[in-house]
Structure formats: C-alpha cells, structure tokens
Amino acid sequence: MIHETNEFFSGRDDALGAELKAHFASPDDASFAARLRELATEAARETAWDVLTRWAAPGLAAAALLIIAVGAWLGAGTGSDQSAAAGQTTPAAALVELAGDYTAPGGAVVLASLAE
Amino acid sequence: MTDAELAGRAARGDGEAFGQLVERHALVARRVARAALFDAHDADDAVQDATFSAWRHLDRYDTARPFAPWFLRIVVNAAADLRRRRAVRRADQVFEVIPDPGPSPELSTDRALLRERLDVALRTLPERHRIAVVMHDAEGFGHAEIAGMLGVPEGTIRSDVFHARRALRTALGASEEQT
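So the sequence lines, in the order shown, correspond to chains A and B. If you're matching positions, the first sequence starts at 27 in the numbering used here and goes up one per residue. If you're matching positions, the second sequence starts at 30 in the numbering used here and goes up one per residue.
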C-alpha cells in the first residue's frame, strides 16, 4: 500500500482499491449488469406515443367527468331560466293577445300596421 | 463501439445502444451506490432509478465528455434521494429491530476477518469520504472528476480521500497485526 503524507498526493492506492472493489463486489454482478441492460433497453423503447397512451385513460376519464359536470351545470341553469320565464309573456304571445282583443283601441292600429 | 458513439445513437432513440452503454457502467454504478448506501437492495434500486433518469435526461449529456462521470453523478443523486425516502419511512416506525447476525462462519479465515474490519471501518466513515475513496482508488477517477460528480471543490475531495485512506489503512493494518 502507498502511504502518502499529505492530501496533495494524487496517486492511487491500488492495493486498497482492489480491497474496496472486492468488498463491494457481488456474485450476481454479471446477471445484474445484464438485467440493467434489459431494463435500460425497455425504458428507451418507451416512445412519446407510449407515454401518451399511458396518460390517455386517466385523461379521458377526467374529460368525461368534466363534460358531465359542465352538462349538469348547464342543465341546472337552463331549468331555472325556464321556470323564471314561465311567469312572463313573450312578445309574440302579447301581440296575438292584443290582436285578439278587438275591443282594445290599440288592436286595430297594430293590425293596420301589419297589413301595410 | 465507444461510449460516445453509443451515447450518440442512444440520443437518437436507439434503445439497444442505451442498454449497452448502461451495461458497461453497471458494476461501477453498483459499487458506488453500495458505498453510498451500504445496502445491497437499496443500491440496486438506486442504480435502476438512475438508469431511468439518465434516459429521460439523455439530451443533457454532452457526448464530447465521458459518459461514466455523468452517469455516476446521477447514481449518487439517486442514492441520496433513495436514502431520504427510506429515512422518512423508517422514521415512521417506532422501533426497528435489527437482528444480531452473530459471528459469521467465514470469520475463521484471515480473509474474512480483514473484510469484516474493512466493513466496520467503511461504516464509520462519512458517506462522501466513502464515495470519494471508492471512486478514486477502486474505480480510478481523478480528484477533479470526483469533485465534478459530487459537486464539491477538488480540495475537499483530496481531503476526503486522504482521511478515508488513513482510516481504512488503520483498520486493515490492525487486522494484519492480529493475524
């Protein structure tokens, strides 16, 4: 082993290095390297389309929920409009009503204007 | 084929090239992760996490530079992330019972005793010292390269390696004296 006396020594201690390498080595090193290669190759095969596909299911579910929520909200809004409008008379109905009332002085005026 | 050529192919989407490149550096990565984490399973998980991360960020790799330091930097970061996650999980446990394995049958041999002493000495070292001495003496990286990988000044790595060696030699020397 090399015994340097200060921190500025740049050489390697090969004997210590060999001990460390052996210490952190494992009998299954070769199979680990092969497994990692397989894993890396698989990871790399995953294209942008695969990512899109993976996200498609939750994305579609979220979109469906959004559509249902918006539909429900709009439906509720339209329903309240109808109920509010039920008590009011539309312009066309008012005109028919006015025209049908021959006793009303304005009715003849309205019919005359329509005939012109 | 060189690392740069494989990395270039990998950057263009060649999965086989990326697999080959990672396989070349798998064992160095495994040893460095083990030095950092001192747990074989966690170390393998960290290397796998680093592999996924390396693929995701391959566009950031400069093919003009060596692949190993870039990949090992990711491995060291993955090991640190994993340790943080494990620490949170273990902190949730009130008691952690660590069974005493007792003396190994291998201890009858001098070699096993030496390894046992080295193991104890490594465990007492700060993590960065362990990583630095393994990267330098076992894997052959220079101080400046290690400094770049760990994101600390070169002088700090020189100091780490120096102190780690001294502690490890003392442990190994004590073993030699006893045998």
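Treat the hints with care, since some could be wrong.
[Claimed, not checked] Covered by chain A, according to a simulated footprint, are these stretches of chain B (three or more residues, beta-carbon under 8 Å):
#	region
1	45–53
2	67–77
3	141–154
4	162–173
5	194–201
No lab work stands behind these hints, which were simulated from the structure alone. For every residue, glycine included, the Cβ atom is placed at its ideal position computed from N, Cα and C.
Evaluated hints:
{"no.": "1", "hint": "45–53", "result": "holds (count 7)"}
{"no.": "2", "hint": "67–77", "result": "holds (count 4)"}
{"no.": "3", "hint": "141–154", "result": "holds (count 5)"}
{"no.": "4", "hint": "162–173", "result": "holds (count 9)"}
{"no.": "5", "hint": "194–201", "result": "holds (count 4)"}
In this structure, none of the earlier numbered hints is contradicted; all agree with it.
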